[in-house]
Amino acid sequence: MTQVTVATSLVVLAIALSRIGRLGVGRELVVAALRAAVQLAAVGVLIALVFEHAGLAAAFVALMLSTATFTAGRRLERVPDATLRAGAAIAAGAATGLVPLLATGAFDTTPRELVPVAGILIGGAMVATSVTGRRLAEQVADDLAVIEVRLTLGVPAREALAPAVRRAAVTGLIPAIDQTKNAGLVTLPGTFVGLVLGGASPAEAARVQLVVLLTLLAVQVVAALAVARLVVAGLTAPGERVVPPTARAPSSRRT
Amino acid sequence: MAVARGGREILYGIDLRVQAGQVVAVAGPSGVGKSSLLRCLVRLDEPAAGRVLVDGTDAAALDPCVLRRRIGLVAQAPAMLPGDVRANLAYGLEAPREAELREALAATGLAPELLDRDARELSGGEAARVAVARALTRDPGALLLDEPTAALDRDSAAAVETLVRELAERGLGVLVVTHDDAQAERLADERIEVRRP
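Chain order of the listed sequences is G and Z. Just so we're aligned: the first sequence equals residues 3 to 257 in the working numbering. Just so we're aligned: the second sequence equals residues 9 to 205 in the working numbering.
No lab work stands behind these hints, which were simulated from the structure alone. We treat Cβ as the ideally placed atom computed from N, Cα and C, and that holds for glycine. Hints are supplied without guarantee of correctness; some may be wrong.
Said to hold, decoys possible - Sample of chain Z residues with no beta-carbon within 10 Å of chain G, all distances over it, derived:
#, residue
1, G100
2, A103
3, E111
4, R142
5, R194
To be verified - Examples of chain Z residues toward chain G, derived with CB under 7 Å:
#, residue
6, Y20
7, R51
8, P72
9, R77
10, L81
11, A87
12, Y99
13, R146
14, R199
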């Protein structure tokens, strides 16, 4: 109980600091903390059942995928059909890791292995999708003048957007790259800690963690590239035109 | 042609022709839709009605990239791409030759030494000329200039006006959009005035 009390105090501190810093995320921090508490409590109760029944496990993975889709979709709110695009990118990324791991038998398809692995991979794909997609939409809005110069010089819309895509994807992949580079040095990743606490040997835990981290790199690269491609498709129009995410409101910029 | 912004028609009844070697000015107050008209001519926006013919071919039937190389648009206060002037001039060209870049720069009255300058550190007058030179590297048949002197001091503005006349003398069709009636009078072989509806 002491652990939860200390952690709760720290969240209150984080909310207070975000108010002082006028970050405008106070409400989001409260919602995130409350959701985490409720969801983890529910998972704590349900997970034993989920691990026993394959049907429940499949439903749980579907729930993870749809939650990740709506979460990332909200981050891309100004992009048309944001939820669909986010969902496709997350599914593509997660499948890139999950299919070979299960098909080769690297992990069992039993609920006890499938659910945690799918959760980690879907979560990784969600982060890469949210950050890359949002950054790309912001960049297209911010750099519209330069992007339109490229268009007027006679290059296709996709080429005019390529520098924005590269920068957004790099931003989206920085957490994954840094997490992998610093594994064991700066942080002891969750899988490793969980396995050791659960009684596995440190060597075994390190092996599984390495598999997860390396797979996550592929998952996140695929998710970042997929969402970038889908956002580009959403922000371009026939005739090699770029329709920025802010353009849906009448503009007074042009004369 | 008619031009819309935010779903509302802001300019209509536009009927103009620009011939090789001719400067045509579209004059009218700010906010009336002149820039939107230029954007429609190179299909950055679609016209609300009417069509654009390029040497008799409907622009909607042309590859937009080809269209934009044949008709260069230089925006008001044109943005420079990251990198030096050389990178700006060469952008999008398959195999840019140094001589071509120097020639485009010279055509706008700029020295070749400028090629190595950071494009984002140019003065307003230099940037305006580099933007024209950048369009010239595509070897266009016509240029659309949006308020080409709006942000410039008097000397730079006079130099750009001279450049516009020189471009027409080289055989380019030039369409200039301006809010300055006197400038339209000075520059153009033909003037079209647009007003608020």
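Results for each hint:
no.: 1; hint: G100; result: violated, 4 Å
no.: 2; hint: A103; result: holds, 15 Å
no.: 3; hint: E111; result: holds, 17 Å
no.: 4; hint: R142; result: violated, 7 Å
no.: 5; hint: R194; result: holds, 20 Å
no.: 6; hint: Y20; result: violated, 17 Å
no.: 7; hint: R51; result: holds, 5 Å
no.: 8; hint: P72; result: holds, 4 Å
no.: 9; hint: R77; result: holds, 4 Å
no.: 10; hint: L81; result: holds, 4 Å
no.: 11; hint: A87; result: holds, 4 Å
no.: 12; hint: Y99; result: holds, 6 Å
no.: 13; hint: R146; result: holds, 6 Å
no.: 14; hint: R199; result: violated, 18 Å
The structure is inconsistent with the numbered hints 1, 4, 6, 14, although it conforms to all the rest.
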